[in-house]
Amino acid sequence: EDQVTQSPEALRLQEGESSSLNCSYTVSGLRGLFWYRQDPGKGPEFLFTLYSAGEEKEKERLKATLTKKESFLHITAPKPEDSATYLCAVQPIYNQGGKLIFGQGTELSVKP
Amino acid sequence: ETGVTQTPRHLVMGMTNKKSLKCEQHLGHNAMYWYKQSAKKPLELMFVYNFKEQTENNSVPSRFSPECPNSSHLFLHLHTLQPEDSALYLCASSPSGRYNEQFFGPGTRLTVL
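Each protein sequence line maps, in turn, to chains A and B.
When we follow the working numbering, the leftmost residue of the first sequence carries the number 3, and every step to the right adds one.
When we follow the working numbering, the leftmost residue of the second sequence carries the number 1403, and every step to the right adds one.
Heads up, some of the hints might be wrong.
What follows is a list of derived Cβ distance ranges for each label pair [said to hold, decoys possible]:
1. E47/A x T1409/B: 18 to 24 Å
2. E58/A x P1463/B: 40 to 46 Å
3. E60/A x A1441/B: 28 to 34 Å
Dumping the calculated SDA-like pairs for lysine to any residue here, alpha-carbon to alpha-carbon at most 25 Å [unchecked claim]:
4. K113/A x R14/A
5. K1443/B x T51/A
6. K44/A x E1446/B
7. K101/A x K1443/B
8. K1421/B x F1466/B
Keep in mind that the hints were calculated from the coordinates and are not lab data.
This one's a predicted model, so the numbers in the text were calculated from it and none came from an experiment.
Beta carbons: idealized from backbone N, C-alpha and C, even for Gly.
Make a model of the complete structure from these sequences and hints.
Right under this line is the structure:
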């Protein structure tokens, strides 16, 4: 069964304290892996797409990496405005219709 | 208007009411989606439309009825809902269903009394 598991469920950091969020996935063929950011009361905001193992993408203080079994979202020197829930999703290669399988998210809190 | 818009943003309804959620995308995309987001649970895909045709129905109860009159508009018609249907309902769109960077609207917070 296709599955996405994110850890930790919640992460509290001090401003400037770098860390990583994990997304482990089990899927019978990966078309793409997606990272989203979601603020309270809002819809998810697209961050990155990764397609193959070894690929990396960067945006400001965020860097996403991909292996054959997991993805990491590295946060370097975070600021309070980085506080949000970060969602990971995979698209199976067999699915032609656009189905994404989401993890339950990591709630990140960055204190000044 | 830009991106993906949803109306209403908040909705309270009784179990015997009939209501509709509306989604509109201004991105020129061809695929649209309905998701349900409940507290502490992953997003659940409900329906997918590609070029106005429904391509995915994720075993959703018939009290939820989608409608996609064109590639820019998507509706979710609700009737005889249950309290456990209370959740955030999110609409998303993507260029197509095959390659799938989905862009989400702000959601409708639904409460069923």
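Here is what the structure says about each hint:
For the pair E47/A and T1409/B, the beta carbons lie near 20 Å from each other, so the given range of 18 to 24 Å is met. Between E58/A and P1463/B, the C-beta spacing of about 42 Å keeps the proposed range 40 to 46 Å intact. The beta-carbon spacing between E60/A and A1441/B, approximately 32 Å, falls within the hinted interval of 28 to 34 Å. With a C-alpha separation of about 8 Å, the suggested pair K113/A and R14/A falls inside the 25 Å cut-off, and the hint holds.
This hinted pair checks out: K1443/B and T51/A have alpha carbons roughly 22 Å apart, not beyond 25 Å. Proposed proximity of K44/A and E1446/B is supported: the alpha carbons are some 16 Å apart, at most 25 Å. Under the criterion of a C-alpha separation no larger than 25 Å, the hint pairing K101/A with K1443/B is consistent with the structure, at around 17 Å. Among the hinted pairs, K1421/B with F1466/B is consistent with the structure: their alpha-carbon atoms are about 10 Å apart, no more than 25 Å.
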